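So the sequences go chain by chain: V and E. Numbers 23 to 134, taken from my numbering, label the letters of the first sequence in order. Numbers 57 to 172, taken from my numbering, label the letters of the second sequence in order.
Some hints could be false.
Unchecked claim - With a Cα cut of at most 27 Å, we get these calculated DSSO-like pairs of lysine-lysine:
no. : chain 1 : residue 1 : chain 2 : residue 2
1   : E       : K69       : E       : K113
2   : E       : K69       : V       : K25
3   : V       : K74       : V       : K25
4   : V       : K25       : V       : K126
5   : V       : K74       : E       : K69
6   : V       : K25       : V       : K91
Unchecked claim - Simulated restraints on C-beta separations:
no. : chain 1 : residue 1 : chain 2 : residue 2 : range
7   : E       : S107      : V       : S31       : 40 to 46 Å
8   : V       : I96       : E       : G140      : 37 to 43 Å
9   : V       : T78       : E       : I156      : 20 to 26 Å
10  : V       : Q67       : E       : E138      : 37 to 43 Å
11  : E       : Q74       : V       : S50       : 46 to 52 Å
12  : E       : R129      : V       : T131      : 33 to 39 Å
13  : E       : G140      : V       : S47       : 20 to 26 Å
14  : E       : E108      : V       : S50       : 27 to 33 Å
Note that these hints are calculated values from the structure, not bench results. Everything numeric in this text was worked out from a predicted model, so none of it was measured. All C-beta atoms, glycine included, are put in the ideal place defined by N, C-alpha and C.
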Amino acid sequence: DAKTTQPPSMDCAEGRAANLPCNHSTISGNEYVYWYRQIHSQGPQYIIHGLKNNETNEMASLIITEDRKSSTLILPHATLRDTAVYYCIVRVAQGSNYKLTFGKGTLLTVNP
Amino acid sequence: KAGVTQTPRYLIKTRGQQVTLSCSPISGHRSVSWYQQTPGQGLQFLFEYFSETQRNKGNFPGRFSGRQFSNSRSEMNVSTLELGDSALYLCASSLESPTISGNTIYFGEGSWLTVV
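Generate the whole structure from the sequences, applying the supplied hints.
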């Protein structure tokens with residue numbers, strides 16, 4: 023079962039920042055938070071991942087709360103091409119191996 | 057650098073047949089995992105291979121199997137196909153073992169399987 027909770031859908035105006043929230047209250051100390059997005063009929067695209075510190079790359083920023091129970095993915099200047107389903111995933115251990123368990127994600131619609 | 061490559065991209069099979077899907081990971085990546093995506097169940101983990109050994113397995117029947125070769129390329133096989141096996145099958149690769157918690161994992165574009 024996925025360990026994350028995300029809103030099913032969000033809207034954002036083109037050019038504005040998109041802030042996608044994710045709750046992961048049962049996260050364990052060495053479990054990373056990953057974000058992927060999927061545009062219809064394509065494979066999931068890796069965006070970013072982090073453990074406890076905030077992370078930034080060319081696509082987005084990941085803000086993780088100090089207690090690690092929630093995080094926010096920020097797309098600083100959303101474009102129409104950012105319309106996709108965004109998955110927040112906690113990579114959990116199954117025995118000694120970690121795996122990604124996808125939930126239903128958030129459908130982000132960027133409007134002109 | 058080429059991404060994760062999956063072949064074939066689209067295929068149609070008949071109930072009862074078997075199918076083999078292929079995945080070439082990113083160059084240098086040694087871990088390959090497989091997922092099934094359907095409208096009803098979403099993205100579900102099938103299995104993961106590292107150094108030619110299955111390291112993780114999801115909750116799928118034995119009709120679903122896989123293997124990894126010494127060059128890290130992987131194949132998955134589904135035998136005795138059922139209508140419900142129609143799905144997008146996704147392969148993902150990462151550099152390190154699944155025992156490493158913070159691997160970066162990249163997905164391919166998937167293979168669309170339709171069972172009629």
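How the hints compare with the structure:
In summary, the hint linking E:K69 to E:K113 is supported, as the alpha carbons are separated by about 25 Å, within the 27 Å threshold. Between E:K69 and V:K25 the CA atoms are separated by roughly 35 Å; this puts the pair beyond 27 Å, and the hint is violated. Annotation: proposed proximity of V:K74 to V:K25 holds, straight-line Cα distance about 17 Å (limit 27 Å). Annotation: proposed proximity of V:K25 to V:K126 holds, straight-line Cα distance about 11 Å (limit 27 Å).
For the given pair, V:K74 sits about 46 Å from E:K69 by alpha-carbon distance, which is inconsistent with the 27 Å threshold. For the hint pairing V:K25 with V:K91, the CA-to-CA distance comes to about 11 Å; that is within 27 Å, so the pair holds. Checked against the hint of 40 to 46 Å, the C-beta distance between E:S107 and V:S31 comes to roughly 41 Å, which is consistent with it. Between V:I96 and E:G140 the beta carbon distance is about 38 Å. The supplied range of 37 to 43 Å therefore holds.
Hint check: V:T78 to E:I156, Cβ distance near 22 Å, so the stated range 20 to 26 Å holds. A C-beta distance of roughly 30 Å is found between V:Q67 and E:E138, which places it outside the suggested range of 37 to 43 Å. The given range of 46 to 52 Å is broken by E:Q74 and V:S50, whose C-beta atoms sit roughly 39 Å from each other. Between E:R129 and V:T131 the Cβ separation comes to about 38 Å, which falls inside the hinted range of 33 to 39 Å.
For the pair E:G140 and V:S47, the beta carbons lie near 34 Å from each other, so the given range of 20 to 26 Å is not met. Our hint of 27 to 33 Å for E:E108 and V:S50 holds, since their Cβ atoms are close to 29 Å apart.
Hints 2, 5, 10, 11 and 13 from the earlier list are contradicted by this structure; the remaining hints agree with it.
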